[in-house]
Amino acid sequence: MSDRPIIDIRHAAKSYGPLEVLKDISLQVQKGRIVAIIGPSGSGKSTLLRAINDLDPLSSGEVWLDDIQVNKALPPRQYETHINSVRQNIGMVFQHFNLFPHLTVRDNITLAPKMLKGISKAEADQLAVEQLNKVGLLDRIDYYPSQLSGGQKQRVAIARALAMKPKVMLFDEATSALDPELVEEVNLVMKQLAEEHMTMIIVTHEMGFAQDVCDRVLFMDQGVVVEEGPPEVIFRNPSNERTKNFLRKHLKGQH
Amino acid sequence: MLRVFPFFLQAAWVTIQLSVLSCAMGLVCGALGAAARLSRSPALRFTGATYVSVIRGTPALIQVFILYFGGPQIGIQLEAFEAGVLALGFNIGAYMTETMRGAIISVDRGQNEAARTLGLSRFETFRSVILPQALRLMIRPLGVNINALIKGTALVAAISVVELTYTAQRYIGSTYKPFEMFLLAGSIYMVIIYVTGLGVSWLDRRVALK
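So the protein sequences, as listed, match chains A and B.
Under my numbering, the first residue of the first sequence is numbered 1, with each subsequent residue one higher.
Under my numbering, the first residue of the second sequence is numbered 1, with each subsequent residue one higher.
Source of the hints: derived by calculation from the structure; they are not laboratory data.
Fair warning: there could be bad hints in the mix.
Claimed, not checked - Straight line, CA to CA, 20 angstroms or less: simulated EDC-like cross-link-like pairs of lysine to aspartate or glutamate:
id, chain 1, residue 1, chain 2, residue 2
1, A, LYS167, B, GLU113
2, A, LYS114, B, GLU113
3, A, LYS121, B, GLU124
Since the model is a prediction, treat every value here as computed from it, not as a measurement.
Please construct the entire structure, taking both the sequences and the accompanying hints into account.
Put into structure tokens, the structure is as follows:
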């Protein structure tokens with residue numbers, strides 16, 4: 001594992017008018033590492049995550065993926081080409097899955113690879129089979145999203161993101177919209193990715209999961225990183241009062 | 001009654017031609033209008049918005065008159081039928097602009113985000129993700145526009161296009177039976193609209209999500 005970060009966020013700041021959502025946040029993530037971002041709603045954690053692929057552009061600061069600046073200032077047309085190629089390397093999984101309802105599971109997975117990587121139909125099919133195998137849903141390849149459970153939808157969404165062979169995966173509250181009994185199957189897929197050393201940044205409300213899987217935990221509140229460290233420190237022995245308060249409320253509900 | 005029936009059928013055929021041609025033109029105007037209204041260019045957005053508000057803000061009958069009677073003054077000389085098709089098509093296009101725009105913007109924002117994060121361009125996202133979903137959202141409301149259009153073709157009776165309404169008026173002169181003549185014309189409109197409605201439902205079912 002190299003020391004050079006694969007994701008490097010430098011002095012990220014974002015405001016909507018007078019409201020500062022992110023205040024000078026820097027974060028480095030090394031290849032193969034898994035970082036969880038926790039915090040109360042409105043703390044800016046999703047905004048930070050969505051800044052990584054420039055879905056929510058920063059007001060100031062830089063985001064780097066390897067040695068490419070993601071949010072480079074370019075004329076609109078050049079920026080469009082630039083960001084489209086950068087985004088192919090950053091997989092993203094959303095709270096509400098956002099599967100394409102008019103396409104089968106297979107086509108959900110192969111749409112982007114076919115369009116962007118110019119692969120043949122046979123190769124695309126092979127890719128869909130591979131990715132679905134990984135998330136354990138090969139038997140659903142010809143289903144439409146509406147025929148799947150929430151947990152299955154999210155696993156397909158993960159397979160869709162993985163099919164682009166991204167260098168980094170971003171998870172934006174991937175299990176928050178799921179019924180409790182469906183959370184585990186998605187967590188399992190994410191754990192498996194962790195074992196394969198996928199670099200992941202995970203915004204989550206699942207403290208147990210963060211504790212089990214992540215190398216590092218960031219606690220955010222009101223647009224700043226209040227505290228960060230290894231999960232055993234953050235969860236067992238947090239030093240900041242706000243972290244303690246937040247965890248007290250959250251862990252009470254979970255155990 | 002039986003004596004005039006063949007003339008009503010002929011007139012119905014004219015009404016159908018008017019409807020089909022102006023519908024086709026309306027769909028083109030609607031697509032262009034929606035594209036303009038959703039464009040990133042302020043000039044195009046302004047043009048689209050002006051088109052919609054001018055057309056929807058004035059009576060269709062006035063628009064037909066302007067084109068047919070006013071046209072020659074500015075060098076546009078049209079047959080009544082041509083003027084009717086153009087005016088009706090341009091008119092319904094403004095309503096279809098709003099229908100199409102509404103369908104496109106009501107596709108969930110997450111769809112756009114998911115496609116863009118995979119690396120698809122704005123255009124690729126629109127073509128493969130947004131449009132297929134918007135199309136099925138717009139079929140029924142476009143059906144409502146087409147329904148209005150078919151009934152609206154009656155307006156071109158005012159510029160002497162020999163369609164259903166004009167024909168009904170004409171035979172009142174020789175039969176002195178306005179009640180029957182208008183009832184007959186109305187019934188034929190209803191048949192045309194009923195069949196069109198069936199077509200719209202069929203199309204809607206065909207593109208419905210599985």
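Cross-check of the supplied hints:
1. With a CA separation close to 19 angstroms, the supplied pair A/LYS167 and B/GLU113 stays within the 20 angstroms bound.
2. Proposed proximity of A/LYS114 and B/GLU113 is supported: the alpha carbons are some 18 angstroms apart, at most 20 angstroms.
3. Proximity of A/LYS121 to B/GLU124 is assessed by CA-CA distance (about 18 angstroms); at most 20 angstroms being required, the pair is judged to hold.
Violated hints: none; the structure is consistent with every hint.
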